[in-house]
Amino acid sequence: MRGGYLLMLMLLSISGTGALAAHVRPVANAAELSAPAAPESGLDQAAAVRASRAVIGQQPADYTLQDRANQPRAWSQFRGRPVLVNFIYTGCFHVCPTSTRALHQAVAAMRERFGTDQFQVLSIGFNPPSDSPAALREFAAQQQIDDPNWEFLSPRAADVPALARDFGFSYVPTLMGFDHTLQVSLVDANG
28 MRGGYLLMLM
38 LLSISGTGAL
48 AAHVRPVANA
58 AELSAPAAPE
68 SGLDQAAAVR
78 ASRAVIGQQP
88 ADYTLQDRAN
98 QPRAWSQFRG
108 RPVLVNFIYT
118 GCFHVCPTST
128 RALHQAVAAM
138 RERFGTDQFQ
148 VLSIGFNPPS
158 DSPAALREFA
168 AQQQIDDPNW
178 EFLSPRAADV
188 PALARDFGFS
198 YVPTLMGFDH
208 TLQVSLVDAN
218 G
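Numbering (my numbering), first residue to last: 28 to 218.
Keep in mind that the hints were calculated from the coordinates and are not lab data.
Using N, Cα and C, we set each Cβ at its ideal position, and we do this for glycine too.
Worth double-checking, as some hints may not be accurate.
Label pairs and their computed distance ranges (CB to CB) [to be verified]:
#1 Gln85 / Arg128: 16 to 22 Å
#2 Ser157 / Ala96: 15 to 21 Å
#3 Asp71 / Ala135: 32 to 38 Å
#4 Leu202 / Gln104: 34 to 40 Å
#5 Pro200 / Ala133: 15 to 21 Å
#6 Pro200 / Gly142: 37 to 43 Å
With the hints as extra help, turn the sequences into a complete structure.
Structural data, given as structure tokens:
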């Protein structure tokens, strides 16, 4: 396959930061006991899987994002090597840090096997302005990621919906943060 996504490594529907707690409420009367249970996630899991699969083989647009040093980085700058892409938000207190640490371990093992400069990793904050370059820099430090081939990037707020669609990334706001897919996309060297 020339260009675009080669493979979606992981796709799991998850609750961002305890979104289940947003659906927990006291029962007002006994009649409510027979009411349908609240969904565990505001995210339509089947639609999220379809959206993720729909972008396989497609190239994302050439977005410009800010890196941790607040420098602009065009998507096209990352062509030439395969790129692993995941989406995070820095206000997440459980899933995003946990999945980032797991990705860090996997990346370390792959770098040991294939070499340190064979691929790039991009973690994209999808909740600007909260996911600012400074917040992403702090998030990377908290996860102990000091890898010259791993960028944490902040898109313009106006670009987030299209950027998410281009990667097949689904998210919905909740009272506790976001419900979102947990996925790592592999983009080939042609972008």
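If you check the beta carbons of Ser157 and Ala96, does the distance land in 15 to 21 Å? Given about 18 Å between the Cβ atoms, the range holds.
Using the C-beta atoms of Leu202 and Gln104, is the stated range 34 to 40 Å upheld? Distance hint for Leu202, Gln104 holds at roughly 37 Å.
C-beta pair Pro200, Gly142: status relative to the range 37 to 43 Å that was hinted: holds (40 Å)
Are Pro200 and Ala133 spaced within 15 to 21 Å by their CB atoms? violated (29 Å)
Is the gap between the beta carbons of Gln85 and Arg128 within 16 to 22 Å? Roughly 29 Å apart at Cβ, these two residues miss the hinted range, so it is violated.
Quick check: does the Cβ-Cβ distance between Asp71 and Ala135 fall within 32 to 38 Å? holds (34 Å)
In the structure shown, a violation is registered for the earlier hints numbered 1, 5, in ascending order.
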